[in-house]
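Residue numbers (our numbering), protein chains in the order written: chain X, 720 to 1083; chain A, 720 to 1083.
No wet-lab data here; the hints were simulated from the structure. Hints are supplied without guarantee of correctness; some may be wrong.
If several chains are the same, the list does not tell them apart, and a pair holds so long as it fits within one copy or across any two.
Quick list of in silico lysine to any residue cross-link-like pairs, SDA-like style, CA-CA up to 20 Å [what the hints assert, rightly or not]:
#1 Lys849 / Arg931
#2 Lys840 / Gly824
#3 Lys764 / Lys953
#4 Lys849 / Asn951
#5 Lys840 / Glu818
#6 Lys755 / Asn776
#7 Lys939 / Leu1059
#8 Lys840 / Glu822
#9 Lys770 / Leu942
Protein chains: 2
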Amino acid sequence: MGDNDTTDSPAERYPDRATIRDVAARAGVSVGTVSKALNDNGRLKQETRDKVIAAANALGFRPNAMAQSLHRANSMTVGILSTDSFGRFTFPIVEALEERLAEHGIAVFMCNATDDPAREKQHLDQLLGKRIDGLVVTARRMDRRPAIAVPGNSMPVIYVFSQADDPDALCLLPDDHAGAVLAVEHLIDGGRKRIAHVTGPERFEAVTLRHRGYVDALTKAGLAARAGYYRNGKWSEESGRDAVVALFDGSNEAPDALFCGNDQIARGATDALRELGLRVPQDVAVVGFDNWDVMALAARPPLSSVDMNLRALGRAAGERLIAMIAGARLKGVERLPCSLVVRASSVPPPSPKTDKKTIEEDHP
Amino acid sequence: MGDNDTTDSPAERYPDRATIRDVAARAGVSVGTVSKALNDNGRLKQETRDKVIAAANALGFRPNAMAQSLHRANSMTVGILSTDSFGRFTFPIVEALEERLAEHGIAVFMCNATDDPAREKQHLDQLLGKRIDGLVVTARRMDRRPAIAVPGNSMPVIYVFSQADDPDALCLLPDDHAGAVLAVEHLIDGGRKRIAHVTGPERFEAVTLRHRGYVDALTKAGLAARAGYYRNGKWSEESGRDAVVALFDGSNEAPDALFCGNDQIARGATDALRELGLRVPQDVAVVGFDNWDVMALAARPPLSSVDMNLRALGRAAGERLIAMIAGARLKGVERLPCSLVVRASSVPPPSPKTDKKTIEEDHP
Chain X
720 MGDNDTTDSP AERYPDRATI RDVAARAGVS VGTVSKALND NGRLKQETRD KVIAAANALG
780 FRPNAMAQSL HRANSMTVGI LSTDSFGRFT FPIVEALEER LAEHGIAVFM CNATDDPARE
840 KQHLDQLLGK RIDGLVVTAR RMDRRPAIAV PGNSMPVIYV FSQADDPDAL CLLPDDHAGA
900 VLAVEHLIDG GRKRIAHVTG PERFEAVTLR HRGYVDALTK AGLAARAGYY RNGKWSEESG
960 RDAVVALFDG SNEAPDALFC GNDQIARGAT DALRELGLRV PQDVAVVGFD NWDVMALAAR
1020 PPLSSVDMNL RALGRAAGER LIAMIAGARL KGVERLPCSL VVRASSVPPP SPKTDKKTIE
1080 EDHP
Chain A
720 MGDNDTTDSP AERYPDRATI RDVAARAGVS VGTVSKALND NGRLKQETRD KVIAAANALG
780 FRPNAMAQSL HRANSMTVGI LSTDSFGRFT FPIVEALEER LAEHGIAVFM CNATDDPARE
840 KQHLDQLLGK RIDGLVVTAR RMDRRPAIAV PGNSMPVIYV FSQADDPDAL CLLPDDHAGA
900 VLAVEHLIDG GRKRIAHVTG PERFEAVTLR HRGYVDALTK AGLAARAGYY RNGKWSEESG
960 RDAVVALFDG SNEAPDALFC GNDQIARGAT DALRELGLRV PQDVAVVGFD NWDVMALAAR
1020 PPLSSVDMNL RALGRAAGER LIAMIAGARL KGVERLPCSL VVRASSVPPP SPKTDKKTIE
1080 EDHP
């Protein structure tokens, strides 16, 4: 973003019009920061604000266009189209996105197209009929999907937790590879040397990316990624239990750690280890993925897990969309960082970072 | 609905105007059926349709008002306001509601007020500024909440999975009492005589209602509701495990069945029973509540559970709102039926009704 590369510069494609992205590049800040600085909202250092205003002036950026669109904000609307059902992965995203847009006075229409192309078309027509100012497309799965065709490219579209088969689309995704590296490096730091990876079906891009992160972290530490230690199955507890039975059947050297592709697998694995008389984490450390409180906190012991920071993903989508509505031209796949939440399944004794949140409030 | 009681008849309160409710009462059908009949959509027998039209004519019901509002439908919008976060209970409701309204060409604005009254006010103002035609209020919890004040009562408001402290409000809720009766009668039908109830904190209305259903079903069967068999705790697996340890410590006669207030409690109870060497369901049958696939299907054995039919609740909210926008005046608490899904935790051998659905599709 700080790199003022003219090859792909929007200013080159639209030579008469500097965009918010150009301003951001020149000022060496993010598009979101430019938006905050020019709209005088959000907490920014005066120095940053001044730098942005100087960059905008130098480029002849028309703050009027921005001012106008934000003056209109109270009548602005954005559509959210889920191409699958809204599920536990999309809801935090949609919720945070809605919150971020509401802070700008932008209202959100939600539509749920449930994988039915005819219904999706009908929903899109309905949203276009409402003259929405932007569209966010989300999905439970991370499969690539056909790009949404907006007549005349009259409004910006963002894909979040979802990928379009169009290189000009802006797609926001969690950084699965880096998330896996975090998990495996944590296990290596804890002295584990025989780390297995138990995960879901390879047709999910997330499985491939997380596996690559696992292999890369092992390689970097000079450890081997043994073929027998990589196990694909379902995204279920049962699959986690089955993998443990196979990994610990005595036919191979037993692992001293499991990095699991989701928390359900990790939970099943933890149960199966206990039933084999193995202690977690003393004999085998376990790390899951998703940081799904229902699974991670109820497991015995509670699971360390990689958090995809879905709310941050939703807020980022809101930021990007506001910038695009204001004229920024953003494209490509942007991967946002995951973080690791450490609990008792990977460190003896329990880390002081142990999450004390209870799930009681989630009922009934 | 079929009872033409004039005391509370809207026709009496608004003598110049027969409403859709009057038509429904006269025809002996539901408001939804009247809506379908007069709008010529939905599948109805011609006989039903004729009966509705005759009733509408006899009452001088102005089909024009309905026709007009439905002619306008393509420009109609409805707001959904969640006074808590959108959670796993509200997703299916909101999703089904949105689907039902979309079938009528009605678009949905979603707002999430997260328990913050100032933010709720801001959201409400924003929705009113959009000139929405109706409002649906939902929440994760079933606490009573202050009624939403719509200036001039200019549009209908429905509370779903949420209750307002206003007797004139229409509130749609699952029938917790009847759901509990279903569960306990199923256990009694299976020959169980010592049925314990392990549930959440009493401050939840659902806990009180389900407990009452449990007591009523036992009483009807001539069985005692023993004081020591009713255990309140948290909505967690750990709480379910703790309850089993206490119930089976030998100080009382051990139960032969557990009716649990949610599936997390039921799952924890099932794990603890297995660890005590007791077989589920041979020694102790277990029934949960919520029919939450993630918990119910991953438990060993899979859990029988009461399903609140949240999607049906969402669809019903859509139906009622459409009727109210068309002029129906509905009020009071309406409780919709739960159903019981039988799996291996309560019947040996596994019932043919066992749910084979996998949760694999829910990822990542």
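Are there hints from earlier that the structure breaks, and if so, what are their numbers?
1, 3, 4 and 9
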